[in-house]
Amino acid sequence: MTAFASRWWPHTLRGRLSLVALTTATLLMVILTVAFNTVVQRHLQHQADDELRARAAAVAATVDTSGSRVRVLETPGEELLDTNVWLYADDQLLEKPPSATATGPLTRAADRLAAQHGPHCVTVHSNGAARLCSRPVPGDKGAAAVVTALDLAPYRSSADTLLLASLALDAVMLACTYALTRLAVGRALRPVRTMTDHATQWSAIASEERFGSVARPAELAQLGGSLDALLDRIRAVLRHEQQLTRELSHELRNPLARIIAELDWWQARPRSAADTRTTHEAIADAAQSMRTICDTLLDDARDSASSAPGTTDVVPVLRRLADRAAARSGVEVVVSGQQTGLAAGVPDALLERIVSPLLDNALRHAHTRVEIRACARPGGVRVDVLDDGPGVPPSFTAQLFQPGRRADPLDGHGGAGLGLPLSRRLARSAGGEVRHDERHTSGAKFVVSLPAG
Numbered sequence: 002m003t004a005f006a007s008r009w010w011p012h013t014l015r016g017r018l019s020l021v022a023l024t025t026a027t028l029l030m031v032i033l034t035v036a037f038n039t040v041v042q043r044h045l046q047h048q049a050d051d052e053l054r055a056r057a058a059a060v061a062a063t064v065d066t067s068g069s070r071v072r073v074l075e076t077p078g079e080e081l082l083d084t085n086v087w088l089y090a091d092d093q094l095l096e097k098p099p100s101a102t103a104t105g106p107l108t109r110a111a112d113r114l115a116a117q118h119g120p121h122c123v124t125v126h127s128n129g130a131a132r133l134c135s136r137p138v139p140g141d142k143g144a145a146a147v148v149t150a151l152d153l154a155p156y157r158s159s160a161d162t163l164l165l166a167s168l169a170l171d172a173v174m175l176a177c178t179y180a181l182t183r184l185a186v187g188r189a190l191r192p193v194r195t196m197t198d199h200a201t202q203w204s205a206i207a208s209e210e211r212f213g214s215v216a217r218p219a220e221l222a223q224l225g226g227s228l229d230a231l232l233d234r235i236r237a238v239l240r241h242e243q244q245l246t247r248e249l250s251h252e253l254r255n256p257l258a259r260i261i262a263e264l265d266w267w268q269a270r271p272r273s274a275a276d277t278r279t280t281h282e283a284i285a286d287a288a289q290s291m292r293t294i295c296d297t298l299l300d301d302a303r304d305s306a307s308s309a310p311g312t313t314d315v316v317p318v319l320r321r322l323a324d325r326a327a328a329r330s331g332v333e334v335v336v337s338g339q340q341t342g343l344a345a346g347v348p349d350a351l352l353e354r355i356v357s358p359l360l361d362n363a364l365r366h367a368h369t370r371v372e373i374r375a376c377a378r379p380g381g382v383r384v385d386v387l388d389d390g391p392g393v394p395p396s397f398t399a400q401l402f403q404p405g406r407r408a409d410p411l412d413g414h415g416g417a418g419l420g421l422p423l424s425r426r427l428a429r430s431a432g433g434e435v436r437h438d439e440r441h442t443s444g445a446k447f448v449v450s451l452p453a454g
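To convert, count from 1 in the sequence shown and add 1; that's our numbering.
Wrong hints could be hidden among the right ones.
For lysine to any residue, the following SDA-like pairs were computed, each having C-alpha atoms within a straight-line distance of at most 25 Å [unchecked claim]:
1) Lys-97 to Asp-152
2) Lys-97 to Asp-50
3) Lys-97 to Ala-55
4) Lys-97 to Ala-131
5) Lys-97 to Asn-128
6) Lys-97 to Thr-63
7) Lys-97 to Pro-137
8) Lys-97 to Pro-139
9) Lys-97 to Val-125
Simulated restraints on C-beta separations [to be verified]:
10) Gly-432 to Arg-194: 40 to 50 Å
11) Ala-327 to Arg-426: 25 to 35 Å
12) Ala-258 to Asp-198: 41 to 51 Å
13) Arg-17 to Gln-46: 23 to 33 Å
14) Ala-453 to Asp-198: 30 to 40 Å
15) Asn-38 to Leu-184: 30 to 40 Å
16) Leu-257 to Ala-399: 24 to 34 Å
17) Arg-17 to Ala-399: 53 to 63 Å
18) His-44 to Thr-197: 53 to 63 Å
19) Arg-270 to Pro-452: 22 to 32 Å
Hints are computed from structural coordinates only; laboratory data are not their basis.
Keep in mind the model is a prediction, meaning the values are calculated, not measured.
Yeah, the Cβ is synthetic: ideal placement off N, Cα and C, and Gly gets one too.
Hey, can you work out the whole structure from these sequences and the hints?
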């Protein structure tokens, strides 16, 4: 589209639809106007030809061709009949109108018509348009022909008047079409504008309102369904972002606490080179743990954990988690069960992120001991995390894996109620499951089921 067309092309749907309707109506009006005026001109020409033939017949009735030569009978009104009439006998001009000359364009045209020996008509343009028609008058000894002429100025004037009237009517009709189209399109698009305003408002404040609750025409109902789906997706994205933020903060808290504790211990009094090296190694390990946590959660957010599951030797990962937990909590952490040949179909980083929240939860509530059991099961691997704490209250079991829920927020233990839901979600993303064993009564027991590697 050129710059000129882009400048004048309407930028609103209402303007574009109105312009399309105006263009269509204009084309239709042009076609109808041309067809109407063509029919009118042909009709007026037929009227002129009929009048000329009637006059020629009247003149032919006064021509006597029975004798040796053609002669004109005297009749009342002869002056009227002789007006614009040429009479020929054997292609010879006998009479012509007083106003016509023998070499004038009308007389030459009349000569050509008479020479054709038949009923013919022709239009001559000379100081205006004139219509000429010939009529043969057969006789016994010779043939005569009558040619009559008629000025077409009145007919042309009538045709021009009808053309101007039709153009004026077209202009009025196009103006009305454009105005009514804009009005109709504006009224039709008013609900769309209202829906757009509502969608903007609802998406900004995360409203529960939806378009499907209001009866609308089929097209707007379909648009409303699409907008409802869009609003739901926006809310889902917002919830996912909030959940990811909470999970990152929850998972990064422990390694960050380790870094702070190591720095506080190192700064408390002068340290030897060996102590400094140990502190640096602990900080580097915690930083690497934070990086692993971020990578794992972000991979899960991009749904890449299930697309590239990988394989992990379960026991070394559990021992590494147990060693870290025992070092920072003072609670005995034991890894038991099958010790070799136990592989899970998940990456080792993902296995850590699945078991770590369960282990942290057990450490917060255990009195003296936490046990991690690993064993094979048909088609997969099972990991149990047990503690000797008070266990999960029966009234809270149904809410155990709901984000942000805690059995007793004032129990003095840290936590935001996000670890268990995160563990279950990560396990399910890898084709596994995390559940609470309600039959275990001496403390709490969580069971992790993962596919085999």
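A quick look at each hint next to the structure:
1. Lys-97 to Asp-152: holds (16 Å)
2. Lys-97 to Asp-50: holds (20 Å)
3. Lys-97 to Ala-55: holds (18 Å)
4. Lys-97 to Ala-131: Satisfied, since the Cα-Cα distance of roughly 16 Å is no more than 25 Å.
5. Lys-97 to Asn-128: holds (18 Å)
6. Lys-97 to Thr-63: holds (15 Å)
7. Lys-97 to Pro-137: holds (16 Å)
8. Lys-97 to Pro-139: holds (19 Å)
9. Lys-97 to Val-125: holds (17 Å)
10. Gly-432 to Arg-194: 40 to 50 Å: Given range 40 to 50 Å: holds, Cβ gap about 47 Å.
11. Ala-327 to Arg-426: 25 to 35 Å: 27 Å Cβ-Cβ, so the 25 to 35 Å window holds.
12. Ala-258 to Asp-198: 41 to 51 Å: For Ala-258 and Asp-198 the Cβ distance comes to about 48 Å; the hint holds.
13. Arg-17 to Gln-46: 23 to 33 Å: violated (44 Å)
14. Ala-453 to Asp-198: 30 to 40 Å: Violated, since Ala-453 and Asp-198 (Cβ atoms, about 55 Å apart) do not stay within the stated range.
15. Asn-38 to Leu-184: 30 to 40 Å: holds (31 Å)
16. Leu-257 to Ala-399: 24 to 34 Å: holds (32 Å)
17. Arg-17 to Ala-399: 53 to 63 Å: holds (57 Å)
18. His-44 to Thr-197: 53 to 63 Å: holds (55 Å)
19. Arg-270 to Pro-452: 22 to 32 Å: Taking Cβ atoms as reference, Arg-270 and Pro-452 lie about 50 Å apart, which means the hint is violated.
In the structure shown, a violation is registered for the earlier hints numbered 13, 14 and 19, in ascending order.
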